[in-house]
Amino acid sequence: MRPLPLDCPSCGQLLAVKRLTCRACGTEVEGLYQLPTLASLGRADQEFAAQFLKASGSLKEMARLLGVSYPTVRNRLDEIIARLTEIEGQQEQQHD
Amino acid sequence: MTELTSGGEQSTSRPRLTEWLFSPFKYVAGVHALGIGLVAILVAGFLGFLSNSHFDGTLDFHTGAAFPLQVFLGEGLLDWLALALVLAVVGKAVSRTAFRAIDLFGTQALARWPTVFIAAAALLPGYQRVAVAIVQQFMHPGATPPYTATELAAFALVMLVTLAAMVWMVALMYRSYSLCCNVRGAKGAWTFVIGLVAAEAVSKLVILKIVMR
Numbered sequence: 002m003r004p005l006p007l008d009c010p011s012c013g014q015l016l017a018v019k020r021l022t023c024r025a026c027g028t029e030v031e032g033l034y035q036l037p038t039l040a041s042l043g044r045a046d047q048e049f050a051a052q053f054l055k056a057s058g059s060l061k062e063m064a065r066l067l068g069v070s071y072p073t074v075r076n077r078l079d080e081i082i083a084r085l086t087e088i089e090g091q092q093e094q095q096h097d
Numbered sequence: 031m032t033e034l035t036s037g038g039e040q041s042t043s044r045p046r047l048t049e050w051l052f053s054p055f056k057y058v059a060g061v062h063a064l065g066i067g068l069v070a071i072l073v074a075g076f077l078g079f080l081s082n083s084h085f086d087g088t089l090d091f092h093t094g095a096a097f098p099l100q101v102f103l104g105e106g107l108l109d110w111l112a113l114a115l116v117l118a119v120v121g122k123a124v125s126r127t128a129f130r131a132i133d134l135f136g137t138q139a140l141a142r143w144p145t146v147f148i149a150a151a152a153l154l155p156g157y158q159r160v161a162v163a164i165v166q167q168f169m170h171p172g173a174t175p176p177y178t179a180t181e182l183a184a185f186a187l188v189m190l191v192t193l194a195a196m197v198w199m200v201a202l203m204y205r206s207y208s209l210c211c212n213v214r215g216a217k218g219a220w221t222f223v224i225g226l227v228a229a230e231a232v233s234k235l236v237i238l239k240i241v242m243r
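Residue numbers (the numbering used here), protein chains in the order written: chain A, 2 to 97; chain B, 31 to 243.
Hints may be right or wrong, so weigh each one.
As the list claims (entries may be wrong) - With a straight-line Cα cutoff of 20 Å, these simulated SDA-like cross-link-like pairs (lysine to any residue) come out: (1) K61/A to K234/B; (2) K217/B to T127/B; (3) K56/B to G172/B; (4) K234/B to I132/B; (5) K217/B to F53/A; (6) K61/A to K217/B; (7) K122/B to F53/A; (8) K56/B to F53/A.
Since the hints were derived computationally from the structure, they do not count as laboratory data.
Remember, it's a predicted structure, so these values are computed and weren't measured experimentally.
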């Protein structure tokens, strides 16, 4: 499957989901759905978040798995936290 | 090795030589960096003892008086401690994230490893003769220089190595601070410069007090 586009190519705002399909029976649901905050992260950020959960939230273990130092992983996590905060802000704006 | 790039992508390439030279802290920090760094500081201090070369300030290198070995070893340790302590305080004040002191202290110790090259270069025969002669020429202008052209070339080479290693060391010190405290851009640069100047003053004063005793 192709990766999910997250930002509007025209204005850069977060995209919402309009249609969902059941791959088993083909049923389609149409509406206007907001993506969950974590799903609105970029692919690399999502992979990092998933690995972080699998490592039981241990930055030390993440550093060992990725072969980088602790502060490198810490800063990467800080970037994702900042991105999540930004996404939440955008989502709130879209609600208003 | 899985690698994190600046954009956050993970790739499986090996770190390049330039990364090991200028961004080693991406891969090494904490206790490991502290261990390697302390060994480098002590080796530089020992080599300095052999050539009477002092690292008598965070950013200082002078060839001069003979002292017991512990003075040479202590100077390097004080230089490291002064900057690490000052940057820890500055980092606490300006960083928006929690950081581990062991990472900053460890990487700051490792950032001093270029001093090994300076201390080793100062062992070059003739370097000390020229260093002493230049001071004497300043005190007694017009005196015939008591050194050969080869010795002068050795002196120039040591100066070049010193300059390059100092620039490299400051770059490493900044990268250590920037990474460990997660402070970047203009804020990272000016807070680092303030910390460096403060550490230079502190280390100079403490070393001077110890040597004067």
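Exercise for review: May I ask which of the numbered hints given earlier this structure violates, with the numbers listed in increasing order?
Suggested key: The structure conflicts with hints 1, 3, 4, 5, 6, 7, although it agrees with all the remaining ones.
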